[in-house]
Amino acid sequence: MIRKYWWKILAGVLLLYAIVAGFIVHVPDTMIRETMRNLFYHVGMWFGMFAMLIIGFIYSIRYLVRFREQEDLVAVEAVNVGIVFGILGIITGMIWANFTWGAPWVKDPKLNGAAVGLVIYLAYMILRGSIPDVHKRAKVSAVYNIFAFVLWIVFVLILPRLAGESIHPGKEAPPVLPMHLDPSMRMVFYPAVIGWILLGIWILTLRVRIRKLNDLMT
Amino acid sequence: MNHPAGNRRVFFIFDPEIKIVMLGKEIKHLVSKEIRLELKQKYVINGILLYLVSTVFVTYLAFEELVSVETWNALFWIILLFVAVNGISKSFAQESPARHLYYYTLASPQAIILSKILYNLFLMALLSFLAFLFFLLLMGNRVINLPLFILSLFLGSLGLASVLTMVAAIASRASQNFSLMAILSFPIVLPLLATLMKVSRSALTSPEWTGSLGFVVILLTINVAVILLAYLLFPYLWRD
Amino acid sequence: MEDYGKIFVVVAVLATILIGLLVYLFSIDRKVSRLEKEIEEKKSNADR
Chain A
9 MIRKYWWKIL
19 AGVLLLYAIV
29 AGFIVHVPDT
39 MIRETMRNLF
49 YHVGMWFGMF
59 AMLIIGFIYS
69 IRYLVRFREQ
79 EDLVAVEAVN
89 VGIVFGILGI
99 ITGMIWANFT
109 WGAPWVKDPK
119 LNGAAVGLVI
129 YLAYMILRGS
139 IPDVHKRAKV
149 SAVYNIFAFV
159 LWIVFVLILP
169 RLAGESIHPG
179 KEAPPVLPMH
189 LDPSMRMVFY
199 PAVIGWILLG
209 IWILTLRVRI
219 RKLNDLMT
Chain Z
15 MNHPAGNRRV
25 FFIFDPEIKI
35 VMLGKEIKHL
45 VSKEIRLELK
55 QKYVINGILL
65 YLVSTVFVTY
75 LAFEELVSVE
85 TWNALFWIIL
95 LFVAVNGISK
105 SFAQESPARH
115 LYYYTLASPQ
125 AIILSKILYN
135 LFLMALLSFL
145 AFLFFLLLMG
155 NRVINLPLFI
165 LSLFLGSLGL
175 ASVLTMVAAI
185 ASRASQNFSL
195 MAILSFPIVL
205 PLLATLMKVS
215 RSALTSPEWT
225 GSLGFVVILL
235 TINVAVILLA
245 YLLFPYLWRD
Chain R
-10 MEDYGKIFVV
0 VAVLATILIG
10 LLVYLFSIDR
20 KVSRLEKEIE
30 EKKSNADR
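Line by line, the protein sequences are chains A, Z and R. If you count by the numbering used here, then the first sequence holds residues 9 to 226, one letter each, in order. If you count by the numbering used here, then the second sequence holds residues 15 to 254, one letter each, in order. If you count by the numbering used here, then the third sequence holds residues -10 to 37, one letter each, in order.
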């Protein structure tokens, strides 16, 4: 399954579609007008990150069940790719925010949550770096990953509540939930998200394979 | 189900009440041991109290006039956070390896983590109460909704104790230095702290409860989730 | 924007970037597959 090409080509096609159709599709007339198209790309990064971190979470649990080193490898590389998506998401968000709100960063629960989330996983990488023994490292980082992920989810789900409670509506950007999305935009959004996630999985599998090869060489 | 310790009665799987009772007894025993130890040595508590008093005093000196509510709130929780990290980071470092092995082959890992969390909860409750008193003394009383504030103190103590104890457990397995503990704990604790600050801020500004109830529920959820996770995950850290 | 057609320049640029990166990923993928096959063969040769 990992070595098959069809789903990788699918990812490429979906993303190409997202880029082309993303510019052609009609966007509703809101304050931010054409920049709304960023939804397909910037928000796609977040969904990609989400998917990667969920995979990492699952594989950390699987590692604690069976203690197979392969599963720890998948977990750490999933976090790696998730961090990359997260950084790209934040950077693209800052670019978009700068044009829309006038500043690259505002004190907003969603943004702060995203930043803290990233730091949580950077701490994961630091934790791994500090344990030389392979088995101990895998075990301890699996425990931390599970712990951190659950907390992270709780916080990310809190944010809508916090935003609801505060005066600031959370984001002046268009609603990010697909349910609120204009139907014509939905047709581009869903495939785009799937494309980004597939791309993330592809990069993940490549990284894991390269790691295994490296381990075999040494 | 995979159980780490060897000497368990064989019918525990079928008898949950006995299991819970045994767990409770173990926890009570461990907690009282920790308290007795601490009262004897007073090692940790003295250091922490000194730290608390000095930090509050520094903030007292730093501000000429009466601080704003925001500042009061922020300073209070920041100081409490640092005190907590300092105090709890030592949770897993104290025992000598020999005594370590002796004690803990006798108790189940779940009992150990829960007892440490409980002990740290007592510690944090005491410290937060003292911090509040010092703040009242030196920084003035800005609390309008006292019951809500006390609630936030309690939830904060529980939250900080459980999260930081678990992180201390993780960090102790990695390396013994304090900086790792700090690095790991700060990002995880930040959202907890932000929610706490929201609750206490409304306690400082208005007598109403309605706005904060949602946050209180969130705090309760976080606490429950953390303790549950600690209970489930700690045995994996414990096996050596 | 006065000239709507110009936006397709951006589309072309992005599509190029995307295709370029995908080709790069494909080439990495192929290299890894080749390496894996080599190691498999070496292992089966060593077993014999």
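Among these hints, one or two may not hold up.
[As the list claims (entries may be wrong)] Lysine to any residue pairs mimicking SDA-like chemistry, simulated, CA-CA at most 25 Å apart:
# : chain 1 : residue 1 : chain 2 : residue 2
1 : Z       : K104      : Z       : I92
2 : Z       : K56       : Z       : N155
3 : A       : K144      : A       : K118
4 : R       : K32       : A       : R145
5 : Z       : K104      : A       : L221
6 : A       : K16       : R       : V12
7 : A       : K118      : Z       : F146
[Unchecked claim] Stretches of chain A that chain Z covers, calculated by requiring three or more beta carbons in the stretch to come under 8 Å of a beta carbon on chain Z:
#  : segment
8  : 21 to 27
9  : 49 to 57
10 : 102 to 115
11 : 131 to 137
[Claimed, not checked] FRET-style restraints, in silico, Cβ to Cβ:
#  : chain 1 : residue 1 : chain 2 : residue 2 : range
12 : A       : R74       : R       : E25       : 52 to 62 Å
13 : R       : K31       : A       : R76       : 19 to 29 Å
14 : Z       : V67       : R       : Y13       : 15 to 25 Å
15 : Z       : P221      : A       : V142      : 50 to 60 Å
16 : Z       : S193      : R       : I28       : 52 to 62 Å
17 : A       : W113      : Z       : E222      : 26 to 36 Å
18 : Z       : K56       : A       : I218      : 50 to 60 Å
19 : R       : E29       : A       : W14       : 46 to 56 Å
The hints are simulated quantities; they were obtained by calculation from the structure and are not laboratory data. For every residue, glycine included, the Cβ atom is placed at its ideal position computed from N, Cα and C.
Evaluated hints:
no.	hint	in the structure
1	Z/K104 with Z/I92	holds, 19 Å
2	Z/K56 with Z/N155	violated, 30 Å
3	A/K144 with A/K118	violated, 35 Å
4	R/K32 with A/R145	violated, 29 Å
5	Z/K104 with A/L221	violated, 41 Å
6	A/K16 with R/V12	holds, 11 Å
7	A/K118 with Z/F146	violated, 31 Å
8	21 to 27	violated (count 0)
9	49 to 57	violated (count 0)
10	102 to 115	violated (count 0)
11	131 to 137	holds (count 3)
12	A/R74 with R/E25: 52 to 62 Å	violated, 23 Å
13	R/K31 with A/R76: 19 to 29 Å	holds, 23 Å
14	Z/V67 with R/Y13: 15 to 25 Å	violated, 60 Å
15	Z/P221 with A/V142: 50 to 60 Å	holds, 57 Å
16	Z/S193 with R/I28: 52 to 62 Å	violated, 40 Å
17	A/W113 with Z/E222: 26 to 36 Å	holds, 32 Å
18	Z/K56 with A/I218: 50 to 60 Å	holds, 54 Å
19	R/E29 with A/W14: 46 to 56 Å	violated, 22 Å
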